[in-house]
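**Student:** Residue-level listing of the chains:
Number of protein chains: 2
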Amino acid sequence: MADGAAHKVVIIGGGFGGMLAAKALNKTPTEVTLIDRRNFHLFQPLLYQVATGALSPANIAAPLRSILKKQRNTRVLQGEVVGFDMAGKSVLLRDGARVPFDSLIVATGATHHYFGHDEWANHAPGLKTIEDATDIRRRVLSAFERAERATDPAERARLVTFVVVGGGPTGVEMAGAIIELAKYTLRADFRVINPATARVILIEGQTRVLGAFHEKLSRKAKDALEGMGVEVKLDCHVTAIEPDHILAKPDGGKAPAFRIDTETVVWAAGVKASPLGKLLADAIGGVEVGRGGHVPVNPDCTVANRPDVFVIGDLASCPGKDGKPLPGLAPVAMQQGEYVAGVIVRRLKGESPKGPFRYIDKGTMATIGRAKAVAESFGFKFSGYPAWLAWLFIHILYLARFENRVLVLFQWFFNYVTRNRAARLITNERPPETRSEIAPVR
Amino acid sequence: MADGAAHKVVIIGGGFGGMLAAKALNKTPTEVTLIDRRNFHLFQPLLYQVATGALSPANIAAPLRSILKKQRNTRVLQGEVVGFDMAGKSVLLRDGARVPFDSLIVATGATHHYFGHDEWANHAPGLKTIEDATDIRRRVLSAFERAERATDPAERARLVTFVVVGGGPTGVEMAGAIIELAKYTLRADFRVINPATARVILIEGQTRVLGAFHEKLSRKAKDALEGMGVEVKLDCHVTAIEPDHILAKPDGGKAPAFRIDTETVVWAAGVKASPLGKLLADAIGGVEVGRGGHVPVNPDCTVANRPDVFVIGDLASCPGKDGKPLPGLAPVAMQQGEYVAGVIVRRLKGESPKGPFRYIDKGTMATIGRAKAVAESFGFKFSGYPAWLAWLFIHILYLARFENRVLVLFQWFFNYVTRNRAARLITNERPPETRSEIAPVR
Numbered sequence: 000m001a002d003g004a005a006h007k008v009v010i011i012g013g014g015f016g017g018m019l020a021a022k023a024l025n026k027t028p029t030e031v032t033l034i035d036r037r038n039f040h041l042f043q044p045l046l047y048q049v050a051t052g053a054l055s056p057a058n059i060a061a062p063l064r065s066i067l068k069k070q071r072n073t074r075v076l077q078g079e080v081v082g083f084d085m086a087g088k089s090v091l092l093r094d095g096a097r098v099p100f101d102s103l104i105v106a107t108g109a110t111h112h113y114f115g116h117d118e119w120a121n122h123a124p125g126l127k128t129i130e131d132a133t134d135i136r137r138r139v140l141s142a143f144e145r146a147e148r149a150t151d152p153a154e155r156a157r158l159v160t161f162v163v164v165g166g167g168p169t170g171v172e173m174a175g176a177i178i179e180l181a182k183y184t185l186r187a188d189f190r191v192i193n194p195a196t197a198r199v200i201l202i203e204g205q206t207r208v209l210g211a212f213h214e215k216l217s218r219k220a221k222d223a224l225e226g227m228g229v230e231v232k233l234d235c236h237v238t239a240i241e242p243d244h245i246l247a248k249p250d251g252g253k254a255p256a257f258r259i260d261t262e263t264v265v266w267a268a269g270v271k272a273s274p275l276g277k278l279l280a281d282a283i284g285g286v287e288v289g290r291g292g293h294v295p296v297n298p299d300c301t302v303a304n305r306p307d308v309f310v311i312g313d314l315a316s317c318p319g320k321d322g323k324p325l326p327g328l329a330p331v332a333m334q335q336g337e338y339v340a341g342v343i344v345r346r347l348k349g350e351s352p353k354g355p356f357r358y359i360d361k362g363t364m365a366t367i368g369r370a371k372a373v374a375e376s377f378g379f380k381f382s383g384y385p386a387w388l389a390w391l392f393i394h395i396l397y398l399a400r401f402e403n404r405v406l407v408l409f410q411w412f413f414n415y416v417t418r419n420r421a422a423r424l425i426t427n428e429r430p431p432e433t434r435s436e437i438a439p440v441r
Numbered sequence: 000m001a002d003g004a005a006h007k008v009v010i011i012g013g014g015f016g017g018m019l020a021a022k023a024l025n026k027t028p029t030e031v032t033l034i035d036r037r038n039f040h041l042f043q044p045l046l047y048q049v050a051t052g053a054l055s056p057a058n059i060a061a062p063l064r065s066i067l068k069k070q071r072n073t074r075v076l077q078g079e080v081v082g083f084d085m086a087g088k089s090v091l092l093r094d095g096a097r098v099p100f101d102s103l104i105v106a107t108g109a110t111h112h113y114f115g116h117d118e119w120a121n122h123a124p125g126l127k128t129i130e131d132a133t134d135i136r137r138r139v140l141s142a143f144e145r146a147e148r149a150t151d152p153a154e155r156a157r158l159v160t161f162v163v164v165g166g167g168p169t170g171v172e173m174a175g176a177i178i179e180l181a182k183y184t185l186r187a188d189f190r191v192i193n194p195a196t197a198r199v200i201l202i203e204g205q206t207r208v209l210g211a212f213h214e215k216l217s218r219k220a221k222d223a224l225e226g227m228g229v230e231v232k233l234d235c236h237v238t239a240i241e242p243d244h245i246l247a248k249p250d251g252g253k254a255p256a257f258r259i260d261t262e263t264v265v266w267a268a269g270v271k272a273s274p275l276g277k278l279l280a281d282a283i284g285g286v287e288v289g290r291g292g293h294v295p296v297n298p299d300c301t302v303a304n305r306p307d308v309f310v311i312g313d314l315a316s317c318p319g320k321d322g323k324p325l326p327g328l329a330p331v332a333m334q335q336g337e338y339v340a341g342v343i344v345r346r347l348k349g350e351s352p353k354g355p356f357r358y359i360d361k362g363t364m365a366t367i368g369r370a371k372a373v374a375e376s377f378g379f380k381f382s383g384y385p386a387w388l389a390w391l392f393i394h395i396l397y398l399a400r401f402e403n404r405v406l407v408l409f410q411w412f413f414n415y416v417t418r419n420r421a422a423r424l425i426t427n428e429r430p431p432e433t434r435s436e437i438a439p440v441r
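From first to last, the protein sequence lines are chains A and B. Sequential numbering of the first sequence, starting at 0, is according to numbering that gives the first Met the number 0. Sequential numbering of the second sequence, starting at 0, is according to numbering that gives the first Met the number 0.
Keep in mind that a hint or two might mislead.
Since the list can't tell identical chains apart, any single copy or any two copies may satisfy a pair.
Using 25 Å as the maximum straight-line C-alpha spacing, the simulated DSS-like pairs for lysine-lysine come out as follows [what the hints assert, rightly or not]:
1. 26 to 215
2. 182 to 69
3. 7 to 323
4. 26 to 232
5. 7 to 253
6. 69 to 88
7. 69 to 271
8. 380 to 248
9. 182 to 68
10. 353 to 253
11. 361 to 380
12. 353 to 277
13. 353 to 320
14. 215 to 323
15. 323 to 182
16. 253 to 69
17. 353 to 68
18. 7 to 26
19. 182 to 320
20. 26 to 248
Worth flagging that the hints you see were computed from the coordinates, not collected in a lab. Computed from a prediction, not measured in an experiment: that's the story for all the values here.
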């Protein structure tokens with residue numbers, strides 16, 4: 000660090016971890032640079048609401064510059080990191096620019112993991128980005144449109160069959176939202192088809208949905224889904240995904256495969272770390288990423304023998320109280336972001352170092368359609384309407400900008416009362432001349 | 000018409016003309032089929048607000064099925080019309096389906112006209128669809144992001160120079176919105192550049208902006224734009240559009256060309272009719288489309304010797320009181336839609352036919368940024384704050400769904416108070432490996 004120059008903190012990634020770290024460094028003796036490939040902070044847990052047309056992208060995203068504009072010590076760069084110069088302590092961007100750092104926080108998160116079947120990505124989009132969400136929205140709504148025009152009954156049935164792969168919170172929420180869309184929102188919209196007869200099938204590889212929750216809540220979630228008409232297939236492994244069907248093997252993959260004819264599959268079954276993890280590990284040397292590409296970190300979120308390099312959020316493999324890696328959840332990333340900012344500031348002040356990172360589990364929740372949810376918090380499990388209210392309240396609290404909060408609340412209120420989904424637009428269709436198998440819209 | 004079967008009305012296009020015709024046929028002895036390539040009705044006059052990040056697409060669009068779901072005699076098909084069978088009285092869709100009609104209303108509107116320079120479309124998008132608007136939004140916001148990272152002063156100046164071609168309401172509104180974005184909304188967001196120094200240049204081929212308005216209002220609009228910092232170049236013809244500059248000739252094209260270095264050009268200078276106009280004219284036979292592709296219609300909006308075929312809205316060339324074709328404005332299309340529905344219903348009831356279509360000009364308006372607008376209505380011209388309030392009120396009234404109205408009002412209220420533009424997301428960027436000159440985002 001040059002004499003007299005402020006301590007440069009470079010944060011890569013403006014998601015939950017990076018954004019909270021940046022905010023925690025406000026009014027500290029640092030110069031913060033936040034780099035992200037996108038210009039906005041995305042509230043990922045609500046992507047499934049964009050995917051089913053309940054919210055617009057702008058309801059769940061806020062421009063990074065807006066959020067940070069009042070932080071005089073912070074600047075935002077939209078750019079893509081392509082390399083690290085560990086000796087020279089700088090980060091390399093795609094256009095050749097070098098951004099020097101004194102401390103580096105890497106928080107680039109996770110992406111979809113297709114367990115070696117990357118070709119499935121064409122037919123089964125995941126739900127990690129805004130474009131994922133509007134793509135799924137287009138596929139789901141177009142399926143109903145095409146079913147209305149179909150003349151072949153087998154084709155029509157196939158079009159109104161929807162498969163969600165993965166029974167974690169994302170999959171559970173998507174399945175519940177699609178069946179609600181079919182059975183309620185679109186109920187009176189069509190003349191040939193009856194959308195309420197749509198099939199929604201949720202496929203999970205473990206023996207229960209919401210495996211990270213308490214058993215009792217897993218059961219309540221399954222009951223709620225089935226009560227709404229979702230077919231829940233547990234202990235089932237998907238073995239093939241084609242444009243017009245999937246194959247899956249029950250009994251943990253030991254029984255013979257069965258086939259589901261469908262043209263709309265949503266992938267919520269696996270994540271792997273951003274490729275920047277491996278890039279960073281190689282640049283540091285002597286660090287091996289884990290199986291999902293996660294970067295192993297020390298108890299204070301630093302990497303190997305580099306006290307100036309931190310990795311947080313979904314990119315990190317950080318041991319929890321029980322020794323197992325902490326889950327890839329938003330509150331983990333948020334707490335790590337604030338923790339790491341505190342570590343840096345204490346060093347600058349010459350104070351004794353902070354203790355190791357301790358995740359405080361304030362609870363997890365998932366929602367299954369209108370006014371149903373499951374939640375556990377500080378050992379209390381609750382479900383049904385109170386859980387749904389808590390879910391609503393906490394999501395709104397988080398949304399970083401006042402306007403987002405009020406608008407989303409407003410839109411939700413309408414959705415709840417009217418069972419409407421007002422952002423039901425089919426956009427970005429390929430024009431007929433350039434159609435590909437990725438966007439089979441007629 | 001088969002005995003006992005209801006009168007089949009097929010409407011192609013769910014915009015202002017088609018939608019109002021469909022609504023006017025509610026509870027009439029008809030079977031209505033509305034066909035559109037998209038699944039939503041779009042309020043085009045507010046596209047410029049999506050293009051500058053003030054509103055989300057869903058604020059200005061509503062699903063066609065939602066709007067019409069309570070009309071028991073009406074069904075919606077999402078599909079593309081590719082031909083007409085005039086003898087067999089049916090409409091042909093891309094997937095081979097035939098939709099029979101007794102009366103046909105064609106209302107497919109207009110698209111961009113580049114005056115023989117279709118290659119300009121790559122560098123100068125128009126503003127007619129949702130995708131146009133989010134594309135322009137991406138280009139405008141990305142220009143500021145790239146300027147923040149630019150090292151060459153000439154490149155930086157080029158990046159913060161914006162050109163709008165066309166001084167009609169769309170161009171005027173876009174120019175005002177971009178300068179407002181630059182000078183106010185983004186003011187504190189950047190650390191290297193000062194967005195308030197951005198240049199916005201409006202180029203118009205005639206001697207005044209808003210040529211369809213009264214001269215006094217043209218002058219007020221020009222003054223308002225220049226007061227906000229827009230450079231207005233009248234009597235100027237664009238002769239070249241390249242990725243990094245444009246050329247234009249002043250004095251009506253007689254003086255030598257001058258050059259503006261820019262990477263962001265918005266095209267608001269010309270429209271031509273949808274290609275379905277020519278398809279229809281050829282199918283009927285003996286009908287020639289006009290220079291812009293418009294279909295000439297009789298005083299009752301029928302075409303040639305086909306009393307069962309109506310063309311309305313921007314697709315039609317319909318003579319007004321003074322014998323000149325009516326302008327391509329929303330209220331014209333709306334009134335024609337209702338008129339044509341009335342013609343059909345009176346025929347079915349055996350009543351004497353309606354008189355010719357008479358457009359009632361209730362006034363036109365354009366807004367130039369925060370609380371400034373110009374309007375004329377029933378001979379009264381007004382501008383400034385009262386005009387802006389009227390503009391706000393009328394747009395909100397129109398928005399077809401209650402929720403849209405309230406949400407848009409809410410979002411506008413926030414924008415007005417905070418000078419914020421909350422939907423400022425850069426979406427659908429091409430990933431680095433597949434970048435093309437159409438999307439030069441770094």
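**Student:** Taking the hints in turn, state whether each one holds.
**Tutor:** Status of each hint after checking the structure:
For the homomeric pair residue 26 and residue 215, neither the shortest alpha-carbon distance inside one copy (45 Å) nor that between copies (52 Å) is at most 25 Å. In this homomeric assembly, residue 182 and residue 69 come within 25 Å of each other (Cα to Cα) only across copies, at 17 Å, whereas the closest approach inside a single copy is 46 Å. Neither within a single protomer nor between protomers do residue 7 and residue 323 lie at most 25 Å apart by alpha-carbon distance, with minima of 33 Å and 67 Å respectively. Proximity of residue 26 and residue 232 under a CA criterion of 25 Å is satisfied in neither setting, with 52 Å inside one chain copy and 46 Å between copies.
Taking the shortest alpha-carbon separations for residue 7 and residue 253, neither the intra-copy value of 54 Å nor the inter-copy value of 56 Å comes in at or below 25 Å. In this assembly of identical chains, the alpha carbons of residue 69 and residue 88 never lie at most 25 Å apart, being 27 Å within a copy and 64 Å across copies at closest. Taking identical chains as interchangeable, the C-alpha atoms of residue 69 and residue 271 are never at most 25 Å apart, the minima being 34 Å within one chain and 46 Å between chains. Taking CA atoms no more than 25 Å apart as the test, residue 380 paired with residue 248 passes in neither setting, with 33 Å inside one copy and 72 Å between copies.
When the C-alpha separation of residue 182 and residue 68 is checked against a cutoff of 25 Å, the pair qualifies only between copies, where the shortest distance is 15 Å, while the shortest distance within a copy is 44 Å. In this assembly of identical chains, residue 353 and residue 253 lie within 25 Å of each other by CA distance neither inside one copy nor across copies; the values are 49 Å within and 74 Å between. Taking identical chains as interchangeable, the C-alpha atoms of residue 361 and residue 380 lie at most 25 Å apart only when both belong to the same chain, with a minimum of 12 Å there against 61 Å between chains. For the identical chains of this complex, residue 353 and residue 277 are neighbours neither inside a copy (27 Å) nor across copies (75 Å), given an alpha-carbon limit of 25 Å.
In the homo-oligomer, the alpha carbons of residue 353 and residue 320 lie at most 25 Å apart inside one protomer (17 Å), although the nearest pairing across protomers, at 81 Å, exceeds that limit. In this homomeric assembly, residue 215 and residue 323 come within 25 Å of each other (Cα to Cα) only inside a single copy, at 22 Å, whereas the closest approach across copies is 74 Å. With identical chains, the CA atoms of residue 323 and residue 182 are never at most 25 Å apart, being 41 Å at best within one copy and 51 Å at best between copies. Proximity of residue 253 to residue 69 under the C-alpha cut-off of 25 Å is found in neither arrangement, the shortest distances being 58 Å within a copy and 50 Å between copies.
In the homo-oligomer, the alpha carbons of residue 353 and residue 68 never lie at most 25 Å apart, since the shortest distance is 29 Å inside one protomer and 61 Å across protomers. In this assembly of identical chains, residue 7 and residue 26 lie within 25 Å of each other by CA distance solely inside one copy; the values are 14 Å within and 69 Å between copies. In this homomeric assembly, residue 182 and residue 320 never come within 25 Å of each other (Cα to Cα): the closest approach is 43 Å inside a single copy and 51 Å across copies. With identical chains, the CA atoms of residue 26 and residue 248 are never at most 25 Å apart, being 56 Å at best within one copy and 52 Å at best between copies.
Against the hints set out earlier in the document, violations occur for numbers 1, 3, 4, 5, 6, 7, 8, 10, 12, 15, 16, 17, 19 and 20.
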